[in-house]
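Take a look at the letters that make up each chain.
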Amino acid sequence: MRSVLQKLARQLVLVPLVAVASYFLMAMLPLTTESEAKRQVSPELAASYRRDLGIGEPLGFLRPWQKLWRGERLGTSAQGVTGDELARKLSGSVGVGLLALPLALTWALGFAMVRTRWRRGRWAALGDVVPALAFGTPVFIPALLLAPSVVERGNMLPELCAALVTSIWPGIFLGTLVGDALETELSRDYVRTALGKGLAPGTVLRRHVLPNVLPALLDAIGPVATALLAGSFAAERVLGLPYFGQLYVLAVLNKQVAVVVVATTTFASLLVVVSLAVELTRYAVDPRSREARA
Amino acid sequence: MNRVPARACFGLLLLVGLGVLSLVAGRLFPEVLASTCPLGEDPMRPDRTVCELAFGGLWVSLAVGLCAGGLSTLIGLIVAAVARLVGGAWEQALLRGVDAVFALPDVLVVMVLQLAGQSLADAGHSGGLGPFGLMVASLALVGWAGPARMFRNRLATLEGQEFVAAARALGGGGVHVLRVHLWPALRPFALAVFLSRLPTAILTESTVSFFGIARMEPMSLGRYLGTSYAALIYEGGARVVLPAWALLVLLVLGASLASQALSASPRKAS
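First to last, the sequence lines map onto chains A and B. Going by this note's numbering, the residue at position 245 of the first sequence is 245; the numbering climbs one at a time, nothing skipped. Going by this note's numbering, the residue at position 144 of the second sequence is 144; the numbering climbs one at a time, nothing skipped.
Hints were generated in silico from the structure; no laboratory data involved. One or more hints might be untrue.
To be verified - Chain B stretches covered by chain A per the calculated footprint, using a threshold of three residues with CB under 8 Å from any CB of chain A: (1) 96-104; (2) 118-130; (3) 202-208; (4) 247-261.
Ideal Cβ positions, reconstructed from N, Cα and C, are used throughout, including at glycine.
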């Protein structure tokens with residue numbers, strides 16, 4: 001358990017680091033100039049943004065968080081955000097991500113099985129082409145192709161489509177990993193011994209092989225969670241979902257610096273939570289991780 | 001020296017072929033492409049054909065990927081070399097920093113860096129970086145952590161070999177061993193790492209440009225798709241999306257195949 005806590009502490013350090021780094025980066029930006037360049041914000045708006053950041057105040061970097069805590073709005077009334085709205089938008093994105101996770105696992109299982117079958121036949125090359133195809137397709141392309149028939153229908157269909165398009169690449173990535181790990185484990189001596197002693201293949205798979213494949217799956221969950229959350233940004237934008245990804249992109253486009261600071265830190269915190277969940281799951285299901293740390 | 005695997009050759013050929021095609025069709029003879037394009041005009045820009053914009057975008061995306069991939073590989077290599085040279089607690093501290101950067105999603109950080117860079121550029125403090133340079137710098141600042149981890153691990157493995165121990169026993173210093181003995185063994189791996197960064201950089205750039213945050217001119221594939229957004233949804237979207245998508249996939253396929261094949265069977269040091 002000590003090792004899990006150490007890992008958690010290392011991850012937790014990331015949150016204040018991101019908060020401070022993003023704050024000072026945003027605080028030093030020249031948001032407006034006298035030349036009134038096309039994409040500059042007006043001096044009044046820039047002054048309002050700077051007030052949100054608490055520049056020049058003692059402990060100014062806590063100012064955006066204080067405002068959110070008090071229920072005040074960060075940024076302008078049209079495009080800013082309150083603490084409640086931020087939580088709602090974040091829960092929307094997390095909901096899409098949670099919807100995408102089982103879809104990704106389904107893709108993974110399907111692809112792992114098909115790839116194992118392909119490997120022995122003339123379709124072996126497809127085992128390499130499909131991952132490249134999935135990786136080479138940015139989330140916004142399938143989202144764009146689906147958008148015309150989905151956007152205006154509502155009834156959670158845009159959310160479902162966002163989860164579907166977001167899950168493709170992480171699912172294929174997981175499938176490749178699981179397929180490789182499965183094949184490695186199936187060729188080991190202990191599997192032959194178990195089969196030789198008369199255990200049914202299904203039982204060998206469930207009782208002996210899958211517990212050894214699980215750590216490889218857990219190792220990949222972190223990057224997959226990052227990919228799912230980052231992918232949901234593009235899907236939300238194309239499918240018109242007013243969640244966290246949309247908020248973030250609009251905040252960057254409109255130079256809402258305080259919202260950018262808060263949203264970036266929130267995203268980093270979410271990644272830490274995912275990492276903690278993965279570590280706890282690993283601790284619970286992988287006896288080797290407990291023994292190595294004892 | 002082992003032969004280069006067939007998959008790597010195919011991937012490299014695909015990459016070079018696309019590069020030459022985009023240079024010839026998109027930059028040198030765009031008028032030939034415009035007059036022979038079977039996909040017709042772009043719905044948002046009636047003066048340009050879909051082929052012109054797609055191949056022009058391919059050239060820009062490829063150039064961004066090559067520059068950003070090269071720069072992030074170089075930074076990763078330098079960080080890994082420094083970490084191995086200083087060793088001990090400093091190396092561990094450096095690796096923690098690398099892990100912290102690696103944990104952040106590329107798209108998010110590139111968006112923030114683009115916002116910062118563009119605000120500085122608008123205020124006249126761009127430091128000579130145009131949109132292209134700004135995008136390359138943003139992608140390199142985000143993408144060096146993965147290569148640094150990989151190079152550090154490979155260096156640690158190589159340093160455990162007997163020829164390195166022998167060189168050290170004969171009085172070879174850290175920099176000398178790194179330059180003369182380790183670098184030749186690391187070169188094929190560095191190429192594989194560079195090729196693995198190439199599609200990541202291209203895809204990240206495409207996504208950020210698609211959001212309309214990057215101001216790439218001439219347009220990259222992502223910006224092309226992003227600026228054709230409305231037309232894509234309401235009229236003949238597939239005609240615009242599919243060529244750009246196909247080029248993007250072929251580019252990534254070439255880089256992925258070459259990178260996987262090279263990293264799976266690294267050649268022996270000469």
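Exercise for review: Any hints from earlier that this structure breaks? Give me their numbers in increasing order, please.
Suggested key: As far as the earlier hints go, not one is violated by this structure.
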